[in-house]
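2 protein chains.
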Amino acid sequence: MQTQADQLKDFLPFWEKLTAKQKEELSSAVHKRHFEKGEILHRGGDDCIGLLLVLSGQLRAYTVSEEGKELTLYRLLERDMCLFSASCILNSIQFDVMVTAEQDTDVLHIPSDVYKRLMEESLSVANYTNELMATHFSDVMWLMDQTLNKKLDSRLAALLLEEQAFSGSDVLTLTHEQLGNHLGSVREVVTRMLKYFQSEGLVRLGRGSVRLLDQERLHQLAGDSLR
Amino acid sequence: MQTQADQLKDFLPFWEKLTAKQKEELSSAVHKRHFEKGEILHRGGDDCIGLLLVLSGQLRAYTVSEEGKELTLYRLLERDMCLFSASCILNSIQFDVMVTAEQDTDVLHIPSDVYKRLMEESLSVANYTNELMATHFSDVMWLMDQTLNKKLDSRLAALLLEEQAFSGSDVLTLTHEQLGNHLGSVREVVTRMLKYFQSEGLVRLGRGSVRLLDQERLHQLAGDSLR
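Heads up: the protein sequence lines correspond to chains A and B, in order. In terms of this note's numbering, the first sequence opens at residue 8 and continues consecutively. In terms of this note's numbering, the second sequence opens at residue 8 and continues consecutively.
Isolated chain A (complex conformation):
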């Protein structure tokens, strides 16, 4: 069983770069918190509870349009850090992200004021924040591309269903590269889409295999792409 200090050391890549005083401040400010499945942790800009490091469970970050339509931006699994529940630490963040627990979830909670002070004092924390934001930014750019050019997800879903019909099994023994070749796409793009499918509960990925979990939704997604 890890102590909280062990967890901080293990999960925070900047930990060893902090001074003894900073470690002490951070340790005493961080608390473990539990959220029930369905609970909303963060409701946009006016909330600013702090950074959330996922110990177990699953969080979902999403936006809500003026018309009330939700759009999932990304999911946070074990060891992932949620920055946008602390959006007030950066002046230039001018958008609202909601965060909800998709499963019963345990997190380490770092209060915004404590993190902000660390970011202003520690080069390692500032550059960690840069990388964290770039990661979230990459997720959103990928999603935007998918949403505006809804083709590959649909074509991949159709391909998986075709391969299943062909092999007669829910477990497809195909590499991501092979799937990419079928789709005229590169391995990296297919891997990313398969991981997205997995996070949506459509498939489970193994070594050199893809297990289909939710054929109904795969059929919906395939839509016109199914020959």
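Derived by calculation from the structure, the hints in this document are not laboratory data.
Since copy identity is lost for identical chains, a pair holds within one copy or between any two.
Restricting the straight-line Cα-Cα distance to at most 25 Å, the calculated cross-link-like pairs of lysine to aspartate or glutamate (DMTMM-like) are: (1) LYS76 x ASP160; (2) LYS76 x GLU195; (3) LYS123 x GLU31; (4) LYS30 x GLU127; (5) LYS202 x GLU73.
Got chain A sorted already, so can you dock chain B onto it with the hints?
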């Protein structure tokens, strides 16, 4: 006439926080560059020319889908800094942004390796990068919301054309708050959209006034929203 050192001091908010040695290194690495209208400055991830500070002119940052469809992410005007032409300075940036000159443009060019070193040495530069990325991120989040929920732009275009028909003038003397009230939206949202319209050459904003510049495109945008 500003010297280059004056320009750096004036445009870079972290300048005064640099050491004498860092100022010296940056000054000697920075060069003024000119790009012709239509020239492509940056072609995605493999390019990594460096940060570009716009002295005059206009740059456009955009993505290109697999199918070749362009999407403008944001525009960079005088005093704006382009971070994504130096995307290699952050490992976690996993997307490609193109940058092109929309007008003849003069920039100060900061090479990627010089900036990266500064970011690793200087807390002020690291946190400036954070704010810069958050600004670009906010632009993209706004755009995504607009693109997925294409309503307000269309409704605002329709409103401007109606007001023009009503007043018989291309110059509307209406505040952003008044326009917001018409649309059931808040002033901030309308202001942002009007600025976007302006950057697209549809309108020119004055103090308490909006001049319609391109009625044909406003009509196209209004589409079904025109009563």
